[in-house]
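Please work from the sequences and hints to get the whole structure.
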Amino acid sequence: LREVHAAVRDRLHALAGASLDLSVEQLAEAVVWRVERTVGSSARALPVSHRCVSVSELLSRQRTPCFSSLTWSTNQYREWAREAEQALPNHRALARTSLLLIGFLCDGRSSGQCDGFWRVRDASGSVYCETLKSSPHWLGKLMLFPTWSYIPQDAPEPGKKAEGYLELIGSPVCVTPEPTAFDPGWTPSEVIGVKKAARLLRQSGGMCVCVGGEVSVVCPLLVIGGKRFFCFILVEEDRAVPVLVTRVYWRQCVDVAQCVCVSALRVCSLRGRAGHRVLSVTSQSHLRSYPRAREPDDTLSDTRTQSQSDTHSETHTSCTNKQTQSVSDSHSQSIGRITSVLNEEAGLYEIDGKVGLCLAYQPQRKWGGGALRPGAEIELHNVHFLFRPSLVCPDVVLCACLRSSISVMNFSPLTSKVMTLRSDNPLLCYLLERNLSVSEYLWLSYCYTAVMERLSPRWVCAARVCVVAGRVLQCVLQHDEKRQEKRDIYREMLQDPHTCPLTQYRVNSPSVALCSVRELCDWMESESWACLSLSSLLPSSAPYLTRVELNPLLSWSAHMTTLRGRSQPALLVGVVQVSSSRATLRLVDQTAAVDCVCVEATQAGGQHTAINTAWIGCLVCVRQCTLVMERFLKTDFPSWKHLDQPKYITHRHCRYTHTCIHNIHTHYYSAYSNFTHLSGEEDRPRDLGHHGNDPRAAESSSVPCDPCVSLLFRLDAKHGVAFRNVQTSSEAQGLTLSFVAKATCLGNAQRWDGDPRNRRVEEREMGGATELQFVDLCVRWFPLLQSGSVYRLTALHTQDVSVLSGSSVPVRGGVTLLSSPSLLMQPEWRIHNTHTPAHTGSNHGLVASSCHSCASDIVSFYGVISKRITLQEEKDASVELDLRVRLTVQDAEAPDRSVQVYLDLSRTPYIPALLPGATVQLLHFQRRVVRNVYCWSLPIICLMSVKPHPPPPLVHLGVWTLAKAEQSIVGQITVHVVCVLFLRLQWVCSFCGSVFRQATCTRSCPPCDSTSAVFQAEAKVAVEDGTGEAQVWFSTETVAKLLLLAVPEWEGLQRHIRSKGHLRVYARARSMVCDTNPDDPVVQYLCCLCSSSTVCRQVTLTCKLRSHKPEKAQLRNMCRGDREFITKFPHPLQLKCTDLHTHTHSTQ
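Here the numbering used here = 1-based position in the sequence shown + 1189.
Since the hints were derived computationally from the structure, they do not count as laboratory data. All residues carry an ideal CB built from backbone N, CA and C; glycine is no exception. Any given hint could be a false lead.
[As the list claims (entries may be wrong)] What follows is a set of in silico ranges between Cβ atoms, one per label pair, in the way DEER data are often shown:
| # | residue 1 | residue 2 | range |
| --- | --- | --- | --- |
| 1 | 1711 | 1686 | 21 to 27 Å |
| 2 | 2182 | 1912 | 47 to 53 Å |
| 3 | 1718 | 2213 | 35 to 41 Å |
| 4 | 1302 | 1213 | 27 to 33 Å |
| 5 | 1718 | 1598 | 27 to 33 Å |
Laid out in structure tokens, this is it:
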């Protein structure tokens, strides 16, 4: 009692004493009496376990969510908490506290901050609150809050106070009840219905009316021109009238399906919408509950009774609940439970575990979702039902617009964190600025979350995340213009038929996934090992290979795919960096890093590896790339029969991507990204979503004028990266990773007042040869330096030009490494591209001229890798660190001339892109002759992939027929299978190749006693694509895909063929026939299958020209009318299929 008395004296009496004309003792006695009545005990028992708490104490000390109740027993609370935790097992119920809260309900009008949110106030401060049901008569009254929860929040921005809010679970109880006098502002006879009010809207304004009806629409609070208001619509049968309310504290008192009466409404016109009139509240307007179906004579008594009962919360709550239970079915409503907050900042939630909820198209609430925490039960009215608006959200999404309303039916009993959103929410600002559709906004929020998790704060600050996400969205949509459609919010809220941005359909909806580097690597790894077939790496004679012959064939293989090969199209967003430990280019984010080989297109239509220093540190988006996984297997299989036993395999792998530079979009620029050609024309990467607030411009303007010196040089050649006995300090021990570059200096070192970066070359920079030593950390420049390019070397924070003068490099023992001038690169020095000449091909010779027609011991040449073999490693050697390979390099112009190249990669970082089909440049290799010419790697060798193996191009059959002289071409064709010309299935002896029937070889002269057989299949089909025709041959690996046979069906067919030895069906006229036993069920099945639409379908094939003897054109007789012609028909194009992909139509 002493504590209650002190609380009333210190925090309540000063606010209520004058208005209630009560002393401190009288007010304290009223509080105690109300507490006793609320507890409901028959005896005069006080809740002595509860402690009075002030608002300021609640805000400053209560840092965890809590629950307090005067009326609930312990068993009630435990049951309430148990049910909540069972519904959402990953959450904990609110902890119960024993706090007594008493204060005034206010809306901020007294302090001039009426924002539509209600507060609980005492002399120490005020706290925002949410109520389930409310009445405007509660405002200004001293209330006891029997059951409530407090949800604390962190400060929205640094330097601001932490906030929190109350959830009033039980209706507040008035401490000092007083009979409320009936307001004579209107009488029952003056109340008019909605039909009559709708007719009055057509008349001129100036008159005030009192209108009663049922609420069908409640719009959210809006702030326009500094004025706050909201609208609701009253309906009666098929008529409706809109009401504009500037008394924003009414917003919590008006619900859909509630019957209300509003007095002193004035007819007015909306600004900018001539002829469209609404009812607007005035300073004399009052809001009352209105009976649903009563005669006019009974209206006065019912209204008076209701107004008197508003002073007692229990009576008011019961009346409101009766009205809510009798809601008309004509209102579209949805009731559900919030199960997850997908993105509170974006206004995205999940209902009942399977339905999405989007509130982004409504004005932002003060606490984001406020009471929309996991576990809360909500009721939605007039929301839009959207089915599969985006692939990054649930199939069903309920989206709220300016005509929708969301009401909380029951607050969440679970602990959850609620964030206070900034007033300048970047996602919502971008939504309004760009006028995004629902699918675009959902994908933007998905992209925002991905960028925040993978790139912030290491590379992208939190304030710039939305900018980056917006530019990625523009990259996906491939447009950058703002939509100019003007929105009419009054029409969206009030006009029928309803129209808003949610009802507008847009075709270009984003449907790609953002793939992190870790997800990419995991997918590449799983895809690579899932499609690995050890038997496919072996020849048909595998059953007779010894252990020494078998295992080297399995030691290395490569799997290539594309981002488009995923089940869902994907984008890759990351930062381009260089690695000093691997001397490679890398794409990184906060999840992982992956090696890259970047290529760009040449003017001749080819490709070559290239990367500009301007890309380093840039945030890029990769739309198309070829993903390569090199599989390194260390195996010890005793024989081919043990291939299905993984215990004989230990593997390590190297993975990297091969991307085309024209399929990369830059979103954020580094300090290197202002590169200019000698001609002065800028050749910067494409800036996606280039705005006026370009970060490059801001960075350029903010760079201080720091003195520096620079040296301009042209790179002539470079040696390979290897571990060498070179140290940059006396403390260094052992071998160090390094390489040497030979360059020509273009003039002497120059002084600058500021970093010249990559500005155009000046005349004073236009002299002599030098060697650049790149050691340890400086090795990162290796993938960026290209022969023939001009670079500017810059040393910052100095004007001493001697630092860029050549000198000798100290090595162990004090020996001079080079007699010619050399310059040791420092880690803090920078290199910028200034000019890159057009790529005209390699300056080194071909294989034929450099290796076969040359007597020099050291040769440099380029060619195409046709074959790669991993050499046998020593016992217990590392698969990658002690790797030795043999490459067969063909002449680029004469494929019949080739040379064997032996590489020892144990002393160098692993070189990516050494794949069959890649064009490589080999520098400083030792030429040896033992029977044949071959090349051996030296410590100074440099091997670069100048044209990585490209994906097969899409080719039309008509074009391919004209260019069939190019025997090495491999391409993709999208064709329709016209018919199967023949299909041959057989078992052959793995030793002699004869037909194998049952368990014996059929060869009789001389007899073969082999017991091992291999199944073979071959098919020939006719295809066409509208531009031409071709005949495609399918081997054993692709016949099953052609026939669309599953693994069990394919194996069962092999068992049936084993008893026969071989079977051949072929086309005759329009049907399939077989020369032997046409009544056999297997024959009939295959004939039916080959003629069905299952096989004759649209497919995409990866093919190459089939080597065969040239055949003469066939002569055929053709008749036209009475005339007969002999026509020459060329032999059809012959192709061999290496891969097959069937087109499937998505159901989405």
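Taking the hints in turn, this is what the structure says about them:
Between residue 1711 and residue 1686 the CB atoms are about 49 Å apart, so this pair departs from the stated range of 21 to 27 Å. Checked against the given bound of 47 to 53 Å, the beta carbons of residue 2182 and residue 1912, roughly 49 Å apart, stay inside it. Taking 35 to 41 Å as the suggested C-beta distance range, the pair residue 1718 and residue 2213 conforms, at roughly 37 Å. Distance hint check: the CB atoms of residue 1302 and residue 1213 are about 29 Å apart, consistent with the given range 27 to 33 Å.
At about 51 Å, the CB distance of residue 1718 to residue 1598 disagrees with the hint of 27 to 33 Å.
The structure shown violates the earlier hints numbered 1, 5.
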